[in-house]
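Here the protein sequences line up with chains F and H, keeping their order. Last residue of the first sequence: 455 (our numbering), numbering continuous. Last residue of the second sequence: 174 (our numbering), numbering continuous.
Any given hint could turn out to be false.
[Unchecked claim] Covered, in the sense of this in silico footprint (three residues per stretch, anywhere, with C-beta under 8 Å from a C-beta of chain H), are these stretches of chain F:
1. 116-125
2. 159-173
3. 290-297
4. 382-388
Hints were generated in silico from the structure; no laboratory data involved. Predicted model only: the values in this text are computed from it and were never measured. Every residue gets a Cβ at the ideal spot worked out from N, C-alpha and C, and that includes glycine.
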Amino acid sequence: MSLEFIKPLRERLQHRDGGEEVELPSRDSHVRNNLILHLHPSRVPAQALRFSYTWGLGGISVVLVLLLGLTGLLLMFRYDPRVEYAYVSIQQLETEVMFGSFIRAVHHWSANFLVIASFLHLVRVFLTGSFKQGRSVNWIIGLVLFVIVLAGNFTGYLLPWDQLSYWAITVSTSLMVYIPLLGTAVRNFFLGGPQVGQAALSNFYALHVVFMPALLLGFMAYHLWKVRKNCGISQPLLKEGEKPKFKSTNPYLVNIELAAVMMVLVVVGLYAMFNPAPLGSIANPMVSPNPAKAAWYFLGLQELLLHMHPLAVMIILGLAVVTLAITPWIDRDFRDIGIYFRSAIGKRAAVFGSLLAVYLVPLAVILDEFWYDVPGWLPGVHTNITVGVIPFLITISVFMGIYFLLKSGLLFKNEKTNHSEALLGVFSFMMTGLILLTIVGIYFRGQNMALVLPF
Amino acid sequence: MKKMNEQNPEKDGLSVSKNVSRRDFLNISLKALGGLAAIELGVAGILFLRSRSLAGEFGGVMTIGKIEGFVPGSVVEIEDGNFYLICTEDGGFMAVYRRCPHLGCTVKWMENEQKFLCPCHSATFAKTGDFNNKLVARALDYFPVSFDKGMVKVDTTAPIVREQHLPQHVSYPG
Ligand code: HEM
Ligand code: FES
Chain F
1 MSLEFIKPLR
11 ERLQHRDGGE
21 EVELPSRDSH
31 VRNNLILHLH
41 PSRVPAQALR
51 FSYTWGLGGI
61 SVVLVLLLGL
71 TGLLLMFRYD
81 PRVEYAYVSI
91 QQLETEVMFG
101 SFIRAVHHWS
111 ANFLVIASFL
121 HLVRVFLTGS
131 FKQGRSVNWI
141 IGLVLFVIVL
151 AGNFTGYLLP
161 WDQLSYWAIT
171 VSTSLMVYIP
181 LLGTAVRNFF
191 LGGPQVGQAA
201 LSNFYALHVV
211 FMPALLLGFM
221 AYHLWKVRKN
231 CGISQPLLKE
241 GEKPKFKSTN
251 PYLVNIELAA
261 VMMVLVVVGL
271 YAMFNPAPLG
281 SIANPMVSPN
291 PAKAAWYFLG
301 LQELLLHMHP
311 LAVMIILGLA
321 VVTLAITPWI
331 DRDFRDIGIY
341 FRSAIGKRAA
351 VFGSLLAVYL
361 VPLAVILDEF
371 WYDVPGWLPG
381 VHTNITVGVI
391 PFLITISVFM
401 GIYFLLKSGL
411 LFKNEKTNHS
421 EALLGVFSFM
431 MTGLILLTIV
441 GIYFRGQNMA
451 LVLPF
Chain H
1 MKKMNEQNPE
11 KDGLSVSKNV
21 SRRDFLNISL
31 KALGGLAAIE
41 LGVAGILFLR
51 SRSLAGEFGG
61 VMTIGKIEGF
71 VPGSVVEIED
81 GNFYLICTED
91 GGFMAVYRRC
101 PHLGCTVKWM
111 ENEQKFLCPC
121 HSATFAKTGD
131 FNNKLVARAL
141 DYFPVSFDKG
151 MVKVDTTAPI
161 VREQHLPQHV
171 SYPG
């Protein structure tokens with residue numbers, strides 16, 4: 001094969017790298033390069049290669065998705081999606097099948113790590129303002145990806161058909177009933193009936209093994225293509241007269257990626273060896289376990305449910321998602337793109353938001369458990385108001401309050417934060433609050449969902 | 001398209017139909033037909049999937065046992081029927097669905113405390129099914145009870161939703 005046609009590229013690379021003589025690439029390195037160049041440009045900005053900028057989180061998510069596909073395919077050969085056999089087939093996998101427990105554990109932990117990795121990726125994209133400067137569409141694709149990741153996890157959760165899965169799915173799908181007007185119909189549609197049973201298992205199986213993976217792969221391809229269309233990942237604006245520094249993709253970016261792949265494989269592999277995926281006792285519709293908890297990534301939401309009406313929780317969640325989705329249009333100031341926390345004052349706004357959550361959220365949880373009794377204080381008022389409208393309005397005003405407090409400049413010796421930095425403060429409050437609620441739900445809720453100490 | 005209309009010599013304001021060029025017409029028809037096909041496929045898909053939920057998981061009318069078999073003041077769990085059969089002090093019967101109206105867990109009858117407890121978010125319900133907790137604004141659902149030849153029968157086709165317990169939810173034999 002003639003190498004003539006890549007010559008201009010090679011010459012440019014040689015020039016950039018100092019111009020020493022380089023051997024002609026071998027045939028397979030040529031093929032390899034060609035493959036790489038289908039995904040990447042030939043050169044990338046040096047700045048974009050800093051590990052402490054992306055933390056490799058997007059790439060790690062990609063590796064986890066591929067690992068999920070591979071292990072999921074293997075599991076499919078052994079799993080039986082009928083209610084009488086589902087649990088048994090998982091038990092066999094755990095006890096009789098060679099490497100069955102390991103493959104299941106890798107699938108289980110990759111799925112859980114993917115939730116964490118894509119959440120952290122979302123946070124880093126927000127903190128560096130990387131949804132700006134023409135990246136609004138990719139930000140939305142990213143949000144869709146996150147929802148797909150959660151939905152994929154959720155549909156997979158039912159499949160082992162143990163007490164954990166049965167009740168987690170029962171509780172979560174009962175939430176749908178609170179959607180005004182359509183609620184019961186929507187729940188019945190997803191479950192194929194009023195309760196979790198064979199129809200629900202068939203639905204979730206189909207969604208989990210075909211629908212969600214197909215959706216995920218499609219959107220992931222779109223996401224990665226968009227990163228390239230946006231001329232690579234974000235970076236700070238260049239100063240006047242500054243020239244961007246470039247490095248060749250191979251080996252600089254490729255080596256980082258290979259390292260990330262190895263790291264993910266080693267971490268997930270080791271973790272899965274020492275921690276088999278959990279399996280409770282077989283699903284029993286007669287007995288709800290005490291406490292009955294949703295999957296851990298939904299425990300923040302479940303915690304909110306202990307404090308307010310499900311409809312209020314759903315509206316807050318909906319508002320949060322919509323606000324995240326339209327963030328690129330609310331915050332269009334791209335002068336601070338590619339800079340963590342926007343600026344020094346933005347960093348203080350973020351720290352303020354997080355610290356406030358660290359104080360307020362546990363305080364609110366404890367007060368509500370031991371002291372607060374709005375329905376008791378307002379006898380005769382409908383619970384829709386006492387546990388619905390009132391906590392909803394309080395939550396919304398806290399969010400608004402943080403924004404206007406930061407904008408007012410009262411906090412930092414009259415140094416005002418700008419719009420973008422104030423939003424960052426609200427975002428930090430929200431995400432820290434969500435994480436704290438999740439921690440409370442995982443570790444501090446015991447029998448009857450009462451507050452307990454885990455130690 | 002606009003441009004073409006402007007150049008269109010036929011566009012002289014004589015009639016509206018002449019404003020639509022052949023290309024526009026085909027374009028619009030194609031879109032309309034495509035939209036129609038998409039709607040049809042969507043509806044067909046939903047109906048296909050929905051039919052499964054109509055099959056349902058509940059039984060029809062279940063015969064539970066002899067009327068005299070139930071002690072007034074007792075609560076018996078009927079597992080296959082998804083409900084508790086309550087026999088009131090004055091000999092009436094009520095079948096309450098065992099699903100918690102909050103988020104669907106199975107409520108437990110606590111004999112000592114004489115109430116239903118939901119283990120998931122600790123809602124409690126009185127013996128009549130009335131709610132007793134800030135989280136749940138609704139009593140336990142119930143199934144209609146009927147009597148035939150001295151037997152108690154419960155129609156489990158669909159639970160009946162109610163705001164709160166009312167005396168007419170209790171059925172009396174004879
Ligand atoms: C399955 C989940 C996801 C995968 C596999 C994925 C993959 C990637 C990859 C490989 C990159 C390149 C840069 C990097 O590694 O940070 C990237 C960038 C990006 N991602 Fe994701 N991502 C996912 C979810 C998300 C989510 C949840 C969001 C936010 C809502 C998001 C928004 C973005 C944006 C805006 C960029 C461009 C970043 C920049 O220009 O600096 N992605 N993604
Ligand atoms: S499901 Fe019964 S209290 Fe929440």
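Structure-based check of all given hints:
1. As drawn, the stretch 116-125 of chain F meets chain H at 0 residues by the rule of a beta-carbon pair under 8 Å; below three, the given contact is violated.
2. Closer than 8 Å: that is the beta-carbon criterion, and the stretch 159-173 of chain F has 4 residues meeting it against chain H, so the requirement of 3 holds.
3. Coverage of a stretch by a chain is defined here by at least three residues with a beta carbon nearer than 8 Å to that chain's beta carbons; for the stretch 290-297 of chain F and chain H the count is 3, and the condition holds.
4. Here the stretch 382-388 of chain F counts 5 residues with a CB under 8 Å from a CB of chain H, which clears the bar of 3, and the coverage holds.
In the structure shown, a violation is registered for the earlier hint numbered 1 alone.
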